Amino acid sequence: MTNGKNVVTNEHGIKKIEAYFDNIKKRGQNLFIPYIVAGDGGLDVLVDRIKLLEKSGVAAIELGIPFSDPVADGPTIQRAGMRAIRNGVTLKSVLALMEETKAERNVPIIFMTYFNPVFVYGIEDFAAACQRAGVDGVIIPDVPMEEEFMIADALKRHHIAFIRLVAMTSTKERKKKLAEISEGFLYAVSVTGTTGARANHDEKVGEYLRSLKQMSKVPVLAGFGVSNHAQARRLSSFCDGVIVGSKIVDLFHEGKDDEVRRLIEQSL
Amino acid sequence: MTYNLPDERGRYGKYGGRFVPELLMPALLELEEAYGKIKDDPGFQEELQYYLKQYVGRETPLYEAKNLSEHLGGGRIFLKREDLNHTGAHKINNSLGQALLAKRMGKKKIVAETGAGQHGVATATVCALLGLECTVFMGKLDVERQALNVFRMELLGAKVEPVDQGSGTLKDAVNEALRHWVTHVEDTHYILGSVVGPHPFPQIVRDFQKIIGEETKRQIIEQTGKLPTHIIAAVGGGSNAMGMFYPFIEATETKLYGVEAGGLGIATGKHAATLMDGRTGVLHGTMTKLLQTEDGQIKEAFSISAGLDYPGVGPEHSYLAETGRVTYDAITDDEALEAFQLLSRVEGIIPALESAHAVAYAVKLAKETKPDDIIVVNLSGRGDKDVNQVKDRLRGEPM
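Quick note, the sequences are listed as chains A and B, same order. According to our numbering, the first sequence holds residues 1 to 268 in order. According to our numbering, the second sequence holds residues 1 to 399 in order.
No lab work stands behind these hints: they were computed from the structure. From a predicted model like this one, the values you see are computed outputs, not experimental measurements. Glycine included, C-beta positions come from ideal geometry on N, C-alpha and C. Where hints are given, some of them may not hold.
Calculated lysine-lysine pairs in the BS3-like style (CA-CA distance at most 30 Å, straight line) [as the list claims (entries may be wrong)]: (1) A:Lys172 / B:Lys103; (2) B:Lys140 / B:Lys108; (3) A:Lys177 / B:Lys37; (4) B:Lys270 / A:Lys92; (5) B:Lys39 / A:Lys172; (6) A:Lys172 / B:Lys109; (7) A:Lys15 / A:Lys172; (8) A:Lys172 / B:Lys108; (9) B:Lys37 / A:Lys172; (10) B:Lys103 / A:Lys204; (11) A:Lys92 / A:Lys256; (12) B:Lys370 / B:Lys66; (13) A:Lys177 / B:Lys14; (14) B:Lys108 / A:Lys204; (15) A:Lys55 / A:Lys92; (16) A:Lys156 / A:Lys51; (17) B:Lys391 / B:Lys299; (18) A:Lys156 / B:Lys14; (19) A:Lys156 / A:Lys217; (20) A:Lys102 / A:Lys25; (21) B:Lys53 / B:Lys226; (22) B:Lys37 / A:Lys176; (23) B:Lys391 / B:Lys140; (24) A:Lys92 / B:Lys14; (25) B:Lys109 / A:Lys204; (26) A:Lys156 / A:Lys172; (27) B:Lys367 / B:Lys270; (28) B:Lys14 / A:Lys176; (29) B:Lys299 / A:Lys92.
Label pairs and their computed distance ranges (CB to CB) [what the hints assert, rightly or not]: (30) A:Lys51 / B:Thr293: 24 to 32 Å; (31) A:Glu203 / B:Gly57: 44 to 52 Å; (32) B:Glu47 / A:Met215: 40 to 48 Å; (33) A:Lys102 / B:Glu294: 20 to 28 Å; (34) A:Ser93 / B:Tyr50: 53 to 61 Å; (35) B:Asp187 / A:Glu203: 14 to 22 Å; (36) A:Lys102 / B:Arg9: 32 to 40 Å; (37) B:Thr252 / A:Asp44: 56 to 64 Å; (38) A:Arg105 / B:Glu294: 27 to 35 Å.
Sequences and hints are given; from them, build the entire structure.
Below, the structure written as structure tokens:
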């Protein structure tokens with residue numbers, strides 16, 4: 001168990017992610033970021049899940065804001081999102097809960113949200129609310145470089161890390177540019193497709209991650225399709241760590257909290 | 001007035017753009033570049049024109065509906081007969097253009113979404129013609145409601161994939177088609193069926209549909225010596241309307257009317273009138289007006305016409321609404337049903353329920369026009385596909 005070993009820092013946003021990651025890397029561990037859908041199972045269990053994940057030694061928690069039309073997600077996360085929407089979960093209610101329970105956690109929180117809820121909330125208001133709520137970074141899968149001018153400045157003003165996604169289909173120029181501008185870490189999408197468990201990754205994935213690692217000043221984490229500790233350790237050997245979503249969403253949904261802890265501990 | 005949109009970022013004012021995952025960006029950029037090169041290539045245009053004439057049956061007539069004009073009083077009403085195209089609607093103009101484009105780009109497979117099945121049938125048709133492998137995503141609910149069109153697509157060699165995610169309708173079919181494209185982007189082209197989605201789709205679809213407006217312009221001058229005073233077209237995603245309006249945007253003496261599906265009435269919330277009752281947001285890769293909750297969740301649209309049943313609208317329509325160049329209004333299910341019967345009875349033309357919305361608006365507008373006014377209604381499709389539904393709906397109701 002790694003509980004209690006992580007530095008408590010007053011930093012927020014980009015700096016907090018950096019400090020927290022550095023501390024884990026100093027221990028020689030892989031960075032592991034679990035993805036959960038905020039409000040799947042109700043907002044009541046969210047704080048408990050965050051505590052469980054923090055205790056398991058994760059590098060950050062990626063919190064999915066449910067959206068009616070999640071084009072980058074596979075069936076598992078789509079269903080979890082629909083359950084959360086039916087529970088009445090909104091961006092507003094998740095932000096409020098994160099603000100309320102800010103003192104109860106130290107682990108960095110990263111929002112993964114589609115652009116529409118943010119746009120409707122108001123971009124500047126969203127960035128300010130993230131800062132107040134102790135949300136340290138955001139991932140917005142449907143905002144590519146071409147559209148990020150709409151939100152990048154607001155996030156910068158509030159010191160929120162704007163984590164960019166890079167894909168295996170990205171050209172070399174785009175990879176370089178994304179590696180250069182990403183904040184907190186670089187999210188390397190490691191399948192050609194949507195989120196969800198895969199039996200295997202393309203054999204070119206190692207080369208892809210290694211080349212990103214060379215281009216990037218920030219840590220590189222591989223995500224999409226990672227569902228067991230063997231995959232997690234293998235992919236982590238090419239970069240700094242992994243993001244695991246659908247598998248963890250499933251395990252929590254099935255009430256297998258212990259297995260979540262085991263998966264994380266075996267992956268570090 | 002010169003009109004030259006979209007801009008280099010794919011925007012129509014603040015609307016449009018390309019809000020897609022990074023995985024798709026290279027494909028969109030490739031498509032934009034390929035389209036830029038191919039669209040003006042004489043060989044491509046020659047091939048497209050050949051199939052439009054010999055296979056689709058263009059040009060379509062511009063028919064003066066004298067009985068209807070007389071019945072209503074007011075201006076002279078002309079119908080642009082897109083219902084006479086092969087497969088029964090304007091949809092094939094776009095499917096054909098994009099399939100030829102895909103072939104030139106070296107793509108062997110096609111994915112498409114469909115709501116009622118018209119775009120799916122048109123796409124399956126051109127794929128059969130051009131030897132492309134075709135997969136069509138269709139909401140589970142729509143698969144049940146439009147069993148005959150599912151069979152048609154299968155007959156044409158396409159694979160129909162029912163989508164039971166979300167609400168199981170058109171918007172979910174678009175999501176699933178986008179996900180499929182993300183996964184098979186190397187060898188697959190996505191033939192989007194309307195002027196929606198990320199840039200360059202709204203532009204490409206408009207350009208392949210603008211033949212409607214171009215023919216209309218030539219035909220109305222031949223027949224009357226003048227440009228129309230009023231043009232009416234139905235708007236769901238808005239491809240038939242954009243195709244009709246686009247060649248007239250700079251002709252400001254012609255008033256343009258886009259007719260949305262008012263469903264049970266705007267006040268009931270059960271409608272698909274995005275421009276009447278929507279808020280700006282981002283769906284399916286584009287910034288546009290959307291039917292959505294105050295938290296930014298997309299609502300389900302509602303209309304008797306499956307082809308108008310979409311909670312978004314093409315970004316260029318959002319722009320044309322904002323600038324006031326086009327007037328948008330809504331027609332209810334009941335008004336559309338009445339127009340459906342009226343046109344059948346007085347002209348012997350059974351319109352698609354989508355097009356019946358435009359006819360219903362002409363019924364209202366005619367009263368305000370003078371005898372020398374010229375009203376063009378875009379009759380975007382034929383109503384054969386709708387007769388069963390209308391029969392059920394009217395059973396027990398006085399005609």
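Hints versus structure:
no. : hint                            : result
1   : A:Lys172 / B:Lys103             : 26 Å, holds
2   : B:Lys140 / B:Lys108             : 26 Å, holds
3   : A:Lys177 / B:Lys37              : 26 Å, holds
4   : B:Lys270 / A:Lys92              : 26 Å, holds
5   : B:Lys39 / A:Lys172              : 28 Å, holds
6   : A:Lys172 / B:Lys109             : 26 Å, holds
7   : A:Lys15 / A:Lys172              : 28 Å, holds
8   : A:Lys172 / B:Lys108             : 25 Å, holds
9   : B:Lys37 / A:Lys172              : 23 Å, holds
10  : B:Lys103 / A:Lys204             : 28 Å, holds
11  : A:Lys92 / A:Lys256              : 28 Å, holds
12  : B:Lys370 / B:Lys66              : 15 Å, holds
13  : A:Lys177 / B:Lys14              : 25 Å, holds
14  : B:Lys108 / A:Lys204             : 24 Å, holds
15  : A:Lys55 / A:Lys92               : 26 Å, holds
16  : A:Lys156 / A:Lys51              : 28 Å, holds
17  : B:Lys391 / B:Lys299             : 29 Å, holds
18  : A:Lys156 / B:Lys14              : 22 Å, holds
19  : A:Lys156 / A:Lys217             : 18 Å, holds
20  : A:Lys102 / A:Lys25              : 24 Å, holds
21  : B:Lys53 / B:Lys226              : 26 Å, holds
22  : B:Lys37 / A:Lys176              : 27 Å, holds
23  : B:Lys391 / B:Lys140             : 23 Å, holds
24  : A:Lys92 / B:Lys14               : 25 Å, holds
25  : B:Lys109 / A:Lys204             : 24 Å, holds
26  : A:Lys156 / A:Lys172             : 26 Å, holds
27  : B:Lys367 / B:Lys270             : 28 Å, holds
28  : B:Lys14 / A:Lys176              : 29 Å, holds
29  : B:Lys299 / A:Lys92              : 18 Å, holds
30  : A:Lys51 / B:Thr293: 24 to 32 Å  : 31 Å, holds
31  : A:Glu203 / B:Gly57: 44 to 52 Å  : 50 Å, holds
32  : B:Glu47 / A:Met215: 40 to 48 Å  : 43 Å, holds
33  : A:Lys102 / B:Glu294: 20 to 28 Å : 25 Å, holds
34  : A:Ser93 / B:Tyr50: 53 to 61 Å   : 58 Å, holds
35  : B:Asp187 / A:Glu203: 14 to 22 Å : 19 Å, holds
36  : A:Lys102 / B:Arg9: 32 to 40 Å   : 38 Å, holds
37  : B:Thr252 / A:Asp44: 56 to 64 Å  : 59 Å, holds
38  : A:Arg105 / B:Glu294: 27 to 35 Å : 29 Å, holds
When held up to the earlier numbered hints, the structure conflicts with none and fits them all.
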